[in-house]
Amino acid sequence: MTFKIRSAFALVACASIAVAQDAPAPDRQADVQLLRKQMLEMQASIQQMQTQHAREIEGLKAQVAAQQKALDDFQKTAGAAQSASTLMPPATESLFPTTDASVVAASPTAAAPDAIPTIDTSVVAGPTLGGPPITLAGGGKTYLNISLDVLINAAASTARDLEIIEVGDHDPLHRGFNARNTELVFDGAVDPYFEGFANIVFKLDPQNETSVEVEEAFAQTTGLPWNIQVKAGQFFSPFGRINTMHPHTWDFIDAPLVHGRLLGPDGLRGVGVQVSWIVPTPWYSQLLLAVQNGEGSTGFSFRNRGDGGTFAGRETIDRQLRGIQDFIFIPRWESAFAFGSTKTLLTGVSAAFGPNDTGANAHTQIYAVDAFYKWKPANAGGGWPYVKWQSEAMARRFEAGRGLDDSFAARETFNDWGAYSQVIWGFKTGWSAGVRGDYLHMSQSQITDDPERQSRWRLSADLTWFPSEFSKLRLQYNHDFLEASHFLGGRDVDSVFLQLEFALGAHGAHKF
Amino acid sequence: MKIRSIPIALAIASAFLPSAHAKLNVVATLPDYAAVAREIGGGKVEVTALAKPTEDPHFVDARPSFVVKLRTADVLIEGGAELEAGWLPPLLQNARNAKIERGKPGRVVASEGIRLLDVPATLSRAAGDVHASGNPHFMVDPIIAKAVAQHIAQAFAGLDPANAAGYQANYAKFEASIDAKLQDWGRALLPFKGQPLAAYHDSWVYFAHRFGFTIETFLEPKPGIPPSPSHLAEVIGRMKKEHVRAILVEPFQNRKIAEKVASSTGAHVVDAAQFPGAIPNTDGYVAHIDGLVARVVAALK
Chain A
72 MTFKIRSAFA LVACASIAVA QDAPAPDRQA DVQLLRKQML EMQASIQQMQ TQHAREIEGL
132 KAQVAAQQKA LDDFQKTAGA AQSASTLMPP ATESLFPTTD ASVVAASPTA AAPDAIPTID
192 TSVVAGPTLG GPPITLAGGG KTYLNISLDV LINAAASTAR DLEIIEVGDH DPLHRGFNAR
252 NTELVFDGAV DPYFEGFANI VFKLDPQNET SVEVEEAFAQ TTGLPWNIQV KAGQFFSPFG
312 RINTMHPHTW DFIDAPLVHG RLLGPDGLRG VGVQVSWIVP TPWYSQLLLA VQNGEGSTGF
372 SFRNRGDGGT FAGRETIDRQ LRGIQDFIFI PRWESAFAFG STKTLLTGVS AAFGPNDTGA
432 NAHTQIYAVD AFYKWKPANA GGGWPYVKWQ SEAMARRFEA GRGLDDSFAA RETFNDWGAY
492 SQVIWGFKTG WSAGVRGDYL HMSQSQITDD PERQSRWRLS ADLTWFPSEF SKLRLQYNHD
552 FLEASHFLGG RDVDSVFLQL EFALGAHGAH KF
Chain B
1224 MKIRSIPIAL AIASAFLPSA HAKLNVVATL PDYAAVAREI GGGKVEVTAL AKPTEDPHFV
1284 DARPSFVVKL RTADVLIEGG AELEAGWLPP LLQNARNAKI ERGKPGRVVA SEGIRLLDVP
1344 ATLSRAAGDV HASGNPHFMV DPIIAKAVAQ HIAQAFAGLD PANAAGYQAN YAKFEASIDA
1404 KLQDWGRALL PFKGQPLAAY HDSWVYFAHR FGFTIETFLE PKPGIPPSPS HLAEVIGRMK
1464 KEHVRAILVE PFQNRKIAEK VASSTGAHVV DAAQFPGAIP NTDGYVAHID GLVARVVAAL
1524 K
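Respectively, the protein sequence lines represent chains A and B. Going by the working numbering, the first sequence opens with residue 72, and the numbers climb by one from there. Going by the working numbering, the second sequence opens with residue 1224, and the numbers climb by one from there.
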């Protein structure tokens, strides 16, 4: 473990040295050359402008002369019946106008008869030779992109304790209306070295009180050498697939069981540093390593004090970081394979290692594999049609200690695991239908009466309508089956949810 | 032995050393920029287009394989007028390639220097998915394509000075061929000048502007909003009144809807594409516009 940490620090150090050394000598020379080049180009463009102006003046003179002549002709034949026909200058009696002063500043083909304009200053700002092109319009014109994304859910369920049935913190946790994910999103370039991102989530609880969550707030490097990228701040741990996605990009209203129960209601995220490296292979392959505090409810299976100081039935110990061994380490390897131009498979293996708060020497390990496959035909319009298949399997080894001051009766080791698999079919522009199967196995205990330690199944189906890219309406049905355990009876639950999403502000971009 | 091993050693060395004669690795977001880049680069560049010519350029998946292409690119050519806003940013965030960052010589933003049409005075998505910078479908105007080609030639020349003369010569050739072709296209479309056309999506304003059509009837009620029956009824009424004889439909749009409208108005459906290669035998830029003009003429005859 320490070796890993050392090498991670070494990587960061190397990267920062490389950045520092990158700047001075060759750049100045390049700058001088660039300046010289720009000067020369400017000279050239000024010359060109001069000749162009001269040509324009010539053209205008010619026009004035022609008009004068026409006027003279008109005056000469004034009163005569045939005057109308002579109004038209004979030179322009061709198929196409030879000049078009309203759109063409100076046409080199002006002399050629029958020519349609080949230059049009109404659409092309001018010769781009020399100097930077004139940007009249373009994306990325603001320092900060801001958008707001709101999820509103209506929930009906046969369960009165929907907060036990639904496992994610942004899921509809109460019967009736829920607004648990109003998200402000900020992003932009910090400077030439960093890009910054922040997702601030506002949640309303059943008492209609608002709580605020800094879901993500991080900076990442843009131009480190050797395909390396460093990210620092509060961010989603690079673990599996759905964990790194914001809830409004999910294909179902609620979190899969494994996500909510093994990683936590808020998923796995925290303050830390991540280093990633794109392996220089012909296919997409990336290695990532994140080091995070792993504290609190977003480090659910790690140093989490739990609800009112209790987790997995134990009174938790509250401790400061003792050393590097108390961080959580999250390595991930992901690869993607393109099958032709219409099919893509993205696969990944992830792990998370760290201590937990149920004992002085208790640890947690979580392992996962994930796969995502998408088919979209070559003539897709508006993003439709498509078929997406997404599956994740996770296993957690949780060493439950004896709690604060050895107050709990026994040490236990829980081997919990589960998986979900879902298929989404975008069958018609603006419409998609999905099915999902979910299973969670929690190892049995005769002494731990944690209500969340219940093995269970879930089947879900949903239908979504996207009136536009910026809104959606989703109807979802869940059937939950909770298996009986030592402390809890088995039961069936049926739930129906209706969700409205709307987005305002900057055009969102979608990761694959 | 010695003599034999020298070429082998050279071959091995050349495989690892960045050779001065290495081709420029060019990635274009869209196939039209790629087609022009191929004309300018000739044999000195290797060009890859990310979007497929037949797919909707607004909604391209940010496939991981694109990251691999962008990672090693020397040049990125993008439109920069929000057409790729939904998929290019995450690709570039992951590609971590300093050569193609905004402002670097390796980043060519095709809309720079172009006076975009239909720049909205006010921004509201109640008007559909409007592009704040103006209509981004500008490459179907050959005069604009020339300006983009010149921009690309300058970028190539700056990055690969050894072949600068070649790029300039290729640009001159491209310019001359477009200038000559403009006469043919203009002449072929002249008999129909001023006629109103209909289109599925508002992606033909530059084509209309160039060749003197008006294209103001769209099957989409608002950009990016799918056709509704009430809107189509209105469209049919207007098309009959204005004697609209052609509906431009792109490969990724719903041709059936256009056919229905065509059958009740007596108009023809024109398979029009924004991108070279979307329709067989239209791989180059000139062949692409050739095909487009021919199909419009055939429909209006």
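Read the hints as simulated data drawn from the structure, not as lab findings. These numbers come from a predicted model, not from an experiment. There could be a bad hint or two in this list.
[Said to hold, decoys possible] Incomplete in silico selection of chain B near chain A, CB under 7 Å: (1) F1282; (2) R1294; (3) E1482.
Yeah, the Cβ is synthetic: ideal placement off N, Cα and C, and Gly gets one too.
Here's how the hints hold up against the structure:
A hinted interface residue such as F1282(B) counts as satisfied when its beta carbon comes closer than 7 Å to some beta carbon of chain A; here the least separation is about 4 Å, so the hint holds. The beta carbon of R1294(B) comes within 6 Å of a beta carbon in chain A, closer than 7 Å, and the hint placing it at the interface holds. Interface restraint check for E1482(B): the shortest CB-CB distance to chain A comes to about 15 Å, outside 7 Å, so the restraint is violated.
In terms of the numbered hints stated before, the structure departs from hint 3 and from no other.
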